[in-house]
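> Residues per chain are reported as follows:
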Amino acid sequence: MGSSSDDFTALRALLKVKRYEQPPPRYWDDLADGIHSRLRGPDGLRRKSLFSLLGFDFAFRPALFYGLGVACCCVALYAGMAMLVRQPAPAAPPMTASSTVNAFDPALPAESSAHLLISDAEATPVSSSTNPLMSTDGSSLPMNPYKVRAVPVNYQPKP
Amino acid sequence: MSNPARGKPAGGPPGKEPGKGRDAAEGPDDLSLVRRSQQGDLRAYDDLVRRYHERIYATVYHMTANHEDANDLAQETFIKAYQALRTFKGDASFYTWLYRIAVNKTINFLKQRRNKAAMSLNDLDFNAEHDPDLVAFVSDKTPRRDAALSELQEKLNSAMLKLSETHRLVVALHDVQGLSHEQIGEIMDCNVGTVRSRLFYARQQLQGLLADYLK
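Just so you know, the sequences run in chain order A and B. Quick note on our numbering: the first sequence kicks off at -11 and runs consecutively. Quick note on our numbering: the second sequence kicks off at 34 and runs consecutively.
Hint data in this document are derived by calculation from the structure and do not stem from the laboratory. For glycine and all other residues, C-beta sits at the position ideal for the given N, C-alpha and C. One thing to keep in mind: the hints can contain errors.
As the list claims (entries may be wrong) - Cβ pair distances, simulated, as ranges:
hint : chain 1 : residue 1 : chain 2 : residue 2 : range
1    : A       : Pro12     : B       : Lys144    : 25 to 33 Å
2    : B       : Arg119    : A       : Val73     : 15 to 23 Å
3    : A       : Arg0      : B       : Pro61     : 34 to 42 Å
4    : B       : Gly123    : A       : Arg14     : 32 to 40 Å
5    : A       : Tyr54     : B       : Asp74     : 34 to 42 Å
6    : A       : Pro12     : B       : Ser191    : 20 to 28 Å
7    : A       : Val73     : B       : Gly73     : 56 to 64 Å
8    : A       : Met69     : B       : Cys223    : 44 to 52 Å
9    : B       : Ser197    : A       : Thr(-3)   : 18 to 26 Å
10   : A       : Gly55     : B       : Ala117    : 36 to 44 Å
11   : A       : Tyr54     : B       : Ile140    : 17 to 25 Å
12   : B       : Asp156    : A       : Arg26     : 25 to 33 Å
Claimed, not checked - Partial list, computed: chain A residues near chain B (C-beta under 8 Å):
hint : residue
13   : Lys4
14   : Ile23
15   : Asn142
In isolation and in its complexed conformation, chain A is listed as follows (with noise of 0.2 Å):
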């Protein structure tokens, strides 16, 4: 640091111009003033909040902060997603009073009923219908050529 390029003498004497910087007349009075009534006003009574206390405020952690609230955008926008792409089934629509009938409620008319239970019967007439016939002891099944049958689960065989 000996060179005549380290030797800052002449630079010290420059910087001693900014020592003579002076505000405007009364600006210390006024500087002093400013922060009397700023003490006494809401800037002074203001208290901390619990979040400022914490560490998190907002005038000092501005990346934190914009990381977090990205951050909370992005697991919104997955849930959105993923509520997207595992939609139900489009459910049923309601069931009315006027859209069902019970054919055997004993207060409906009987001819209203018996339409009903007419109308169901010729939709598929037995003598047009290609289902197989249903035997009692699945012997006579035609598609049933291992003979197996149907028991009632307390079905006790006599010894």
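Given the coordinates of chain A, work out where chain B should sit on it, guided by the hints.
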């Protein structure tokens, strides 16, 4: 309202030990004022404000080269310090603690203001024309003393603004305000070696930027 530093350079008297200078000798020490302020005594805090507002303003001003910004930041420093006074334990001196608040606020401000720097310089005190060092320096360089001083002021501030915040701060605290390396180390939370190193490189940069005026 006493103003003992009126008429003196804005940087404060070089070598004056913070908290133990003439201001502190005239009244109670910093710590007792701080304790009273912590108990809600605003008049005690007013005393602290009047004790340090010039030096805090000067530090911020030398960092920003803008009077309005320095005014706002100096006020905010004292407001912030008052709001955070309960957290002051007395491990460091009040002056150092206050300085740290001012420096952090200023550096944050400068980072946000980057590329929008506009100088709003204070006028030079008339005493500058009678400073023997400056007189010798200026008369060496140019016969037009009045014009030269204001021109030098502008060039010097422009060069200062080209330094990084940490380098500018070291120059402002040491070469302009006269703080010791140890005090600067406490304020900047680094060791004395780092302070010396930063000061050296900052001066080198300034010397290069102001080469035309230092021949």
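> Of the numbered hints stated earlier in the document, which are not met by this structure?
2, 10 and 15
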